[in-house]
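Colleague: Letter by letter, the chains look like this.
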Amino acid sequence: MTIGAGRRHLMLGAAVVVSLLAVVETTVALVAPFRAPTDADWAAAAAAVRARFRPGDLIVAAPAWADPILRVQLGDLIPPEIAARMDDDRFARVWEVSQRGARAPAAAGGTTTVDERFGRLRVRLIERPAELVSYDFVAHWADARVSRRNAAGVMVDCARSGERFLCPPPGNSSLQRQLVEVDQKLRQALLTEPIAGAAVVIEFPAVPLGRVLAIATGLHDTWMRKAARGTVEARLTVGDQTTELPVTSDDTGWTRTRIDTGARAGQTVPVTLELTSAAPSDRFFAFAAEARR
Amino acid sequence: MMRQRPRRADWLVTALLALGTVVWLLAVEGRQGIGRDEAQYMRAGERYWGWFSELGDNLAHGHPGRSFTPSDIDRYWSDNAPDHPVVMKALYGLSWRAFHSCTCMGATHGYHPVPVPARHTTLPLFSRDSTAFRFPAILFAALLVGLVYRFARGWLSRAPSAVAAVLTLAQPHFFFHAQIACFDAPIVTMAFAVGFGYWKSLRDPRWGIATGALFGVALGVKHNAWLVPFFLVAHYLWMRRGDLRARRLTPIPLVFVSMLVLGPLIFFAHWPWLWVAPAARTRAYVLRHLEHEHYNFEYLGYNFNQPPTTTAMKWLRATAPFVETGFTVPVTTLALAAIGAGVLARRRRGSPVDPDSEQKEAPTAARPSWLRPGADVDRAPGAFVLFQTLGPMAVLAVPSTPIFGGVKHFLAAMPYLALMAGIGLGAIGRALRAALPEARARWRPIAPLALAFLVCLPALVETRRSHPDGLGHYNLLAGGFAGGASLGMNRQFWGYSVLPMLPDLDRRVPENRRLYWHDTLSDAISMYKRDGRLSLEVGDTGFGEEGIKRSEIGILFYEKHWAKYEAWFWQYYGTTRPIGVRAREGVPMVTLYERGAR
Numbered sequence: 004m005t006i007g008a009g010r011r012h013l014m015l016g017a018a019v020v021v022s023l024l025a026v027v028e029t030t031v032a033l034v035a036p037f038r039a040p041t042d043a044d045w046a047a048a049a050a051a052v053r054a055r056f057r058p059g060d061l062i063v064a065a066p067a068w069a070d071p072i073l074r075v076q077l078g079d080l081i082p083p084e085i086a087a088r089m090d091d092d093r094f095a096r097v098w099e100v101s102q103r104g105a106r107a108p109a110a111a112g113g114t115t116t117v118d119e120r121f122g123r124l125r126v127r128l129i130e131r132p133a134e135l136v137s138y139d140f141v142a143h144w145a146d147a148r149v150s151r152r153n154a155a156g157v158m159v160d161c162a163r164s165g166e167r168f169l170c171p172p173p174g175n176s177s178l179q180r181q182l183v184e185v186d187q188k189l190r191q192a193l194l195t196e197p198i199a200g201a202a203v204v205i206e207f208p209a210v211p212l213g214r215v216l217a218i219a220t221g222l223h224d225t226w227m228r229k230a231a232r233g234t235v236e237a238r239l240t241v242g243d244q245t246t247e248l249p250v251t252s253d254d255t256g257w258t259r260t261r262i263d264t265g266a267r268a269g270q271t272v273p274v275t276l277e278l279t280s281a282a283p284s285d286r287f288f289a290f291a292a293e294a295r296r
Numbered sequence: 063m064m065r066q067r068p069r070r071a072d073w074l075v076t077a078l079l080a081l082g083t084v085v086w087l088l089a090v091e092g093r094q095g096i097g098r099d100e101a102q103y104m105r106a107g108e109r110y111w112g113w114f115s116e117l118g119d120n121l122a123h124g125h126p127g128r129s130f131t132p133s134d135i136d137r138y139w140s141d142n143a144p145d146h147p148v149v150m151k152a153l154y155g156l157s158w159r160a161f162h163s164c165t166c167m168g169a170t171h172g173y174h175p176v177p178v179p180a181r182h183t184t185l186p187l188f189s190r191d192s193t194a195f196r197f198p199a200i201l202f203a204a205l206l207v208g209l210v211y212r213f214a215r216g217w218l219s220r221a222p223s224a225v226a227a228v229l230t231l232a233q234p235h236f237f238f239h240a241q242i243a244c245f246d247a248p249i250v251t252m253a254f255a256v257g258f259g260y261w262k263s264l265r266d267p268r269w270g271i272a273t274g275a276l277f278g279v280a281l282g283v284k285h286n287a288w289l290v291p292f293f294l295v296a297h298y299l300w301m302r303r304g305d306l307r308a309r310r311l312t313p314i315p316l317v318f319v320s321m322l323v324l325g326p327l328i329f330f331a332h333w334p335w336l337w338v339a340p341a342a343r344t345r346a347y348v349l350r351h352l353e354h355e356h357y358n359f360e361y362l363g364y365n366f367n368q369p370p371t372t373t374a375m376k377w378l379r380a381t382a383p384f385v386e387t388g389f390t391v392p393v394t395t396l397a398l399a400a401i402g403a404g405v406l407a408r409r410r411r412g413s414p415v416d417p418d419s420e421q422k423e424a425p426t427a428a429r430p431s432w433l434r435p436g437a438d439v440d441r442a443p444g445a446f447v448l449f450q451t452l453g454p455m456a457v458l459a460v461p462s463t464p465i466f467g468g469v470k471h472f473l474a475a476m477p478y479l480a481l482m483a484g485i486g487l488g489a490i491g492r493a494l495r496a497a498l499p500e501a502r503a504r505w506r507p508i509a510p511l512a513l514a515f516l517v518c519l520p521a522l523v524e525t526r527r528s529h530p531d532g533l534g535h536y537n538l539l540a541g542g543f544a545g546g547a548s549l550g551m552n553r554q555f556w557g558y559s560v561l562p563m564l565p566d567l568d569r570r571v572p573e574n575r576r577l578y579w580h581d582t583l584s585d586a587i588s589m590y591k592r593d594g595r596l597s598l599e600v601g602d603t604g605f606g607e608e609g610i611k612r613s614e615i616g617i618l619f620y621e622k623h624w625a626k627y628e629a630w631f632w633q634y635y636g637t638t639r640p641i642g643v644r645a646r647e648g649v650p651m652v653t654l655y656e657r658g659a660r
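Chains A and B, in that order, give the protein sequences.
Just so we're aligned: the first sequence equals residues 4 to 296 in this note's numbering.
Just so we're aligned: the second sequence equals residues 63 to 660 in this note's numbering.
Calculated from the structure, these hints are not laboratory results.
Hints may be right or wrong, so weigh each one.
Across the chosen pairs, the derived CB separations fall in these ranges [unchecked claim]:
id, chain 1, residue 1, chain 2, residue 2, range
1, A, T41, B, F114, 47 to 53 Å
2, B, T183, A, P82, 57 to 63 Å
3, A, D285, B, T184, 36 to 42 Å
4, B, G636, A, T246, 35 to 41 Å
5, A, D285, B, F114, 24 to 30 Å
Given the structure is predicted, the values throughout are model-derived calculations rather than measurements.
Ideal Cβ placement from N, Cα and C applies to all residues, glycine included.
Could you build all of it, start to finish, from the sequences and the hints given here?
Modeller: What follows is the structure in C-alpha cells.
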C-alpha cells in the first residue's frame, strides 16, 4: 500500500518533530537534577543572610515549597510566630532565598538592596515601608474577656483556666492561643469554637488603635473542614463601629479584612469579636488581628 | 487477530521484553520504600500463607475440614477484608514462603504475623523478605509488557510493537507501582489481558470462554475490574452499530456470557473469606468501594478530600485524570500517542491498522454469530483503543469519584496509550523509510529502528530519573520534580519515601529509641527490620499528636494535609528548625526534626 505525498510529508514532519522532542526531553531529564541547589549553595546563602540579619526581618523561600530546607539553615531566625505569621505587611526587611527564577509574594514591592547569587540560589534583601504593630491581639490574648450570650441575651463569663479561657457547659467553648492550620498553612492564631444557639463574645477592652486594624479568619484543621459544612458569622466592633466580617466557611481559607481606623488613630478603645454559627459542630474558628500604625 | 502461528522470533522478543522487565524491576525495587498499603498486603499475604500451611498440616493429619470452618477461615482471611480480594496477596504470601532467605528463627522471629514454628525450607532467591513478597507483582508487570507486545504485533511490525511494550513500562508512575506488592499494576495486567482476550474472542470462540476465566481472575485482583465490561460493551455496541441502524437484534456474544458466568464464580471461589457469609460479605466488599472515603490528595494546589461542591471546583476536579496524564507520561510518548490516535481515526473501515500488517480488519464472514460477533464486521480497532484508554480516565473525571491514588486509579489506560504510541511510531517510521531515496536504500530498515530507539530514550531516562520517587515525578511539560511541586501536584503518599533516610535514622542512637514515624505504618517498620535495614531497637512512638509528644526525633512527610503535624513538632520540640530534609532535585519529601534542636 502506498501513502499520498501530502500525508507522507506530514508524517515526515512528525518524525522530525518527535525526534527533536525526544532529544530535548532526554537532555532535560539528564541535566535537570544538576539544576537543584546544592547543600553548599544553601550553606553559603544562609551565611550571607545571617551576617546581615536584623531582629524583625522576615526570611522566605521561593518557591515556597523550599521552606523546610530554608529552615534547616536558618530556622533559628524564623520562630513560630514569624513562620506562622498572619501576613507579611508588617515586615520592613524581607530576605528572599530563591531558585529557578521564582519570586516570593512576601517579597513583592520595595527596593532590592542586596542581590547576590550562591550557586543555584539567589539572595535578595527587599526593604520597604511597613506597618508598625501597635497591638497584637494574639500576643495579648490574656487581656481578653470571653463570654457567651444566649438567645435571651443572658451573658455567661468564660473563666481563665491555665493557658486558655473555658466557657461553662453547655457548649464548652474555649479560647486559646495556638498554631492552627487553615488552608493547609500554619498560622499563629486564637482558636475558639462557636456554640449552638448562642454567641461567643471576645472583648479586648483597651486596644490602642493605629491607622488600620487587620484581622484574618479561617477554619482550623483539614479533617474538621472535611467533617462538616457549617459556616461561622463574625462581627467586629471597634469602639462604636461595627463591621460584619466575611462569612467563614470550609472554602474561604485565611481571609484578611482591613478596617480603616485612621480617624481614631491614637485612641484606645474596646474591640469586640462576636461569633455565631447555625451549625457549629466541628467548627474550629481561628483568627489573628493586629492594630497597625 | 494474532497470526495463527506466531513466529519464533516474536516469542523470543516477548521473552526478552518480559525478562528485561523482571531484571530492571528487581534491580531497582530495593530502593523503593514500603508504603502503608503495601505493608498491609505483605502482612495479609503472609497470614494467608498461614492458612495454606495449616491446611497442609490438616491434610497430613486426615482432617482437612478443620481448615474450612468459619473460625479457621476468619483467623487467616479476615486480614485486609473486606478491602481487597486475595489473588495477589495470596501470591505475595506464597512467593515469600517459597523464595525468602529464612532467618525466621533469629532475632526477627517475633515480627511475623503468624507463628513460625521452625526454620523454613525455601529456594532462597532473595535476600530481603520484601523482595520475595514483591516478586509476583514484578512478574505481572513482565506479563503485561509481553502481552502488549503480542497484542501490538497483531497490528504492527516488530519494532513499533516492541516500542509499545517498552513505553508501557517506561512511565515513571506506572514503574513506581509495577515493583511493589500492591494491586494497581497487576490489575492493569489483568484488565489488558481481558481486553486482549475479548478482542480475540470477536473472531475466535475459544477466547470467549478463556476471557470469562481471565475476568474472574481480574475480579480477584482488584475492584477496578468491575469497570472493564463497561468499556468492552461500549466498543462492542460501536462495532455492531450497523445492527442498530438495520433495526436488528445485536447478538449477545459468548465472551460476555462467559464473563457474566465465570467471572463471579471464580471471584467467589478464590476468596475464602466470602464463603462464610457469601451475600453479606460480598455486599460489604462492594459497599466498601462504592462508599470509599475520599483521602487527601493534592491536585493543582488544592487539597481534595471530599467531592467538590462548587461548579468551578467540579470542573477543575474533572480535569484531574487528563492533566495528570499530560504531566506524568513522558512527552515523547504522548506525542507518539497523539499521532497514533490520528492514524486510527483516519483508518478506512476494513483496512489494517498498519498497511504492512498481515492482520486484516475486513469482515471474514457474511453473517453475524454470537460465537464470532466480530467476523462479519470491521472490528473498529480505533474505537477499541479509544474506549479502553478514555474509559478509565472518564470514570476518574467524575467529580464525586475519589482521586487519592492519582495516576494509579486509571493506570489501566496506559498500555493502550503506549499501544497508540506504537501505532504512531509505525506510521512515521513508514514515512521515513519511504522518504529515503533509492541511493540510500540500505538505510531503509535501519532508519525506523534508530527512530524506535530514539523515542524510547526519553521514557527510559525519565523513568530512571524518577526512581525511587515516581509519585513525585512530573514530565517535561510540568518541569520535573520542581515543576510538579510548583504546580501544586501530589508528591507522594502513604509514607514510602522514608527508605533512603533509614541509615541515618538507624545511626541516631539513643534518640531513635523514641522515634515518631508519622505516616510510616508499623507493618512497614517491621518489614524494614525483617529486611535488616533497621535495627530492632529503633522505636515507634505511635500515631498523631501523642506520638510526637512522646518522641525524641520524628519525621514528617510532605503532603499538604499534614501541615497540622508540623505545628505539633514546632510546639512540642520547641523549634521550627529541622535537622534534615530528604529532597529530590531540591524538592522536600521528608523532614526530620529533633527535640530541642537549635
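Colleague: Look at each hint and say if it fits the structure.
Modeller: Going through the hints against the structure:
Roughly 52 Å separates the CB atoms of A:T41 and B:F114, a value that falls within the hinted 47 to 53 Å. At roughly 60 Å, the beta-carbon separation of B:T183 and A:P82 lies within the given 57 to 63 Å, and the hint holds. For A:D285 paired with B:T184, a C-beta distance near 51 Å fails the hint of 36 to 42 Å. Checked against the hint of 35 to 41 Å, the C-beta distance between B:G636 and A:T246 comes to roughly 37 Å, which is consistent with it.
For A:D285 paired with B:F114, a C-beta distance near 46 Å fails the hint of 24 to 30 Å.
Of the numbered hints given earlier, the model fails hints 3 and 5; all others are met.
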